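If you count the sequence shown from 1, position 417 lands on 417 in the numbering used here, and the numbers rise without skipping.
By construction, these hints were calculated from the structure, which means they are not laboratory data. Treat the hints loosely; a few may be bogus.
Below 35 Å or equal to it, Euclidean Cα-Cα: the simulated DSBU-like pairs (lysine-lysine) are [to be verified]: (1) K71 - K451; (2) K334 - K30; (3) K334 - K191; (4) K71 - K96; (5) K71 - K521; (6) K100 - K359; (7) K239 - K528.
None of these values were measured; they are calculated from a predicted model.
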Amino acid sequence: MSEQNSSIVLISKQIINNKSAYITSQCYTKTQDGDGRLYNPCMTCHVNSKRPNYMDDWNLQENFSFNEYSKINRFTNLFKDRSDEVNAINDEAILKYVRKENYEGLAKQLQNLPTTWDFNANKKWDGYMPDCSFNFDGEGFDRDDHNQFTGWRAFGYYPFLGTFWPTNGSTDDVLIRLAKPFQTVNGVFDKTTYQVNLAIVEAMIKESNITIELVDESIWGVDLNKDGEINESHQITYKWQPLNNEYMSYVGDAKKLYDEGRLHIAGGLYPEGTEFLHTVRYIDVNQTAQTIQMAPRMKELRYAKKYGWNSYPQIQNGMMAEIKERHDFPERLKTVLGNMEEGLDNGYGWKYQGFIEDKEGYLRPQTYEETLYCIGCHSTIGAVVDSTFVFPRKFDHHQAQMGWSHWSQLKNGFKNIKEPILADGRYEYSLYLQNNHSGDEFRDNHEVTEKFFESNGTLKTSELEALHNDISHLIVPSITRAIMLNKAYKIIVDEQSFIYGRDAHVLPLTHVYKEVKIDQKTGLEAVKMERYPLR
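Take these sequences, add in the hints, and give me the full structure.
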């Protein structure tokens, strides 16, 4: 494995292409076509929000809020024709490539740190050290080579809208890990304690009751089901209204720290020390079953850690200050602290750091600019819950392993998983199709368009009915499309041109602006929703 096999200077904080990379490529999508028809992909991220997310940025569905710098779309990869390069790669070659894992050697490389990866020149890696074995038991817990718990736990979830559907080029998984005190009693690991604490965190994030396997509350002296007694319980009952003297608590050693004021709890917020691991992968295919599956090869390994606590007033003050700054100084670009090694700070208690393929297919640290691309979504948009997307979308106890499973453990993948229903009663994926009239933000997914829409743009009722009962009907691509998008992304890897756009496509995208006018209206009427908890 080479230390660095391209001209990219990984440790540099210099912006090469795009100082506003935190505004994603999807934000430059045209919302009207030549016939005046409207398309609303903006509702995916920019929506009315619930405290403690005070951005409430639904107005960005109606306005392109760019300044003189950001109005220019610097994601120029979107406009390239990849046809010749894609046609030059045969199917067998790309499938062989995506089936070769590229994760296992990363930790060893970081332990023998190349100088070209050492931002602070202290001869040790100060970012996330890969410690997940991706070896999951029947409850979603990751086990190491000695069958010990690593703390990571996989969970199933409804993929977020559009970009993260496999039909648009990638498979992915997400794992959560709470800090050590949530895993222990008197300093000793206790699986049941950890399971209960994870369920408590799930209840706090979803702000709803969570079904668990039957436990004895007397072990911790905590009334989990809020029935007024310390007895057996199969539910974490969500009752958190401090103004009404209704409180929640953790169990085990985390409870001691909470009682001492060293850990915190609040609706819609994770506790300090929470970690997420997100792998974005190529799409493998199962020719026998004529379907797709998660590829061993990772495109990216993304890591997030909540290093500090912010109260509701602190979060509100931060977001209001950001809104005011945008208003008072519209030409000022967002300042994001951090570096490629220790991660970038989103301003709300989280750090994000990641790895991406180098030219030879090995994982390398992302540069500052490459990581900046992630920060915009994981900070101040209406769709996030404490800066995250997926855990609020976790499957409930009705799904396999009570929702605690890795995709590799689900024999049928997405097959026969029912469409998520918003808290306001509407089908979520259907609402996206009805308003965006496409299966992706760029309106480039012709496979979904041809399946779900009539030639005049009308949604096919029969296809929606099928979607209600089986999300794979929408989000899973054909084998042909999966292989094609694998090839298209591999070209970006070969070029190492991620800062110019990492969205997989073959033909130039035609529904995307190269430049947006200042104060340009989208022509849309904002779609509002009550999203969580999903059911």
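Outcome of the hint check:
1. Note on K71 and K451: the hinted pairing holds, with a Cα-Cα distance of about 34 Å set against a maximum of 35 Å.
2. For the suggested pair K334 and K30, the alpha carbons sit about 24 Å apart, so the restraint of at most 35 Å is met.
3. Annotation: proposed proximity of K334 to K191 is violated, straight-line Cα distance about 42 Å (limit 35 Å).
4. Taking the CA atoms of K71 and K96, the gap is about 40 Å. The hint is violated against a cut of 35 Å.
5. Between K71 and K521, the direct Cα distance comes to roughly 13 Å. Compliance with the 35 Å bound is thereby established for this hinted pair.
6. Of the pairs offered as hints, the one joining K100 and K359 holds, with about 15 Å between alpha carbons and a cut-off of 35 Å not exceeded.
7. A threshold of 35 Å between alpha carbons decides the hint, and for K239 with K528 the separation of about 26 Å falls inside it, so the pair holds.
The structure does not agree with the numbered hints 3, 4 stated previously, though it agrees with the rest.
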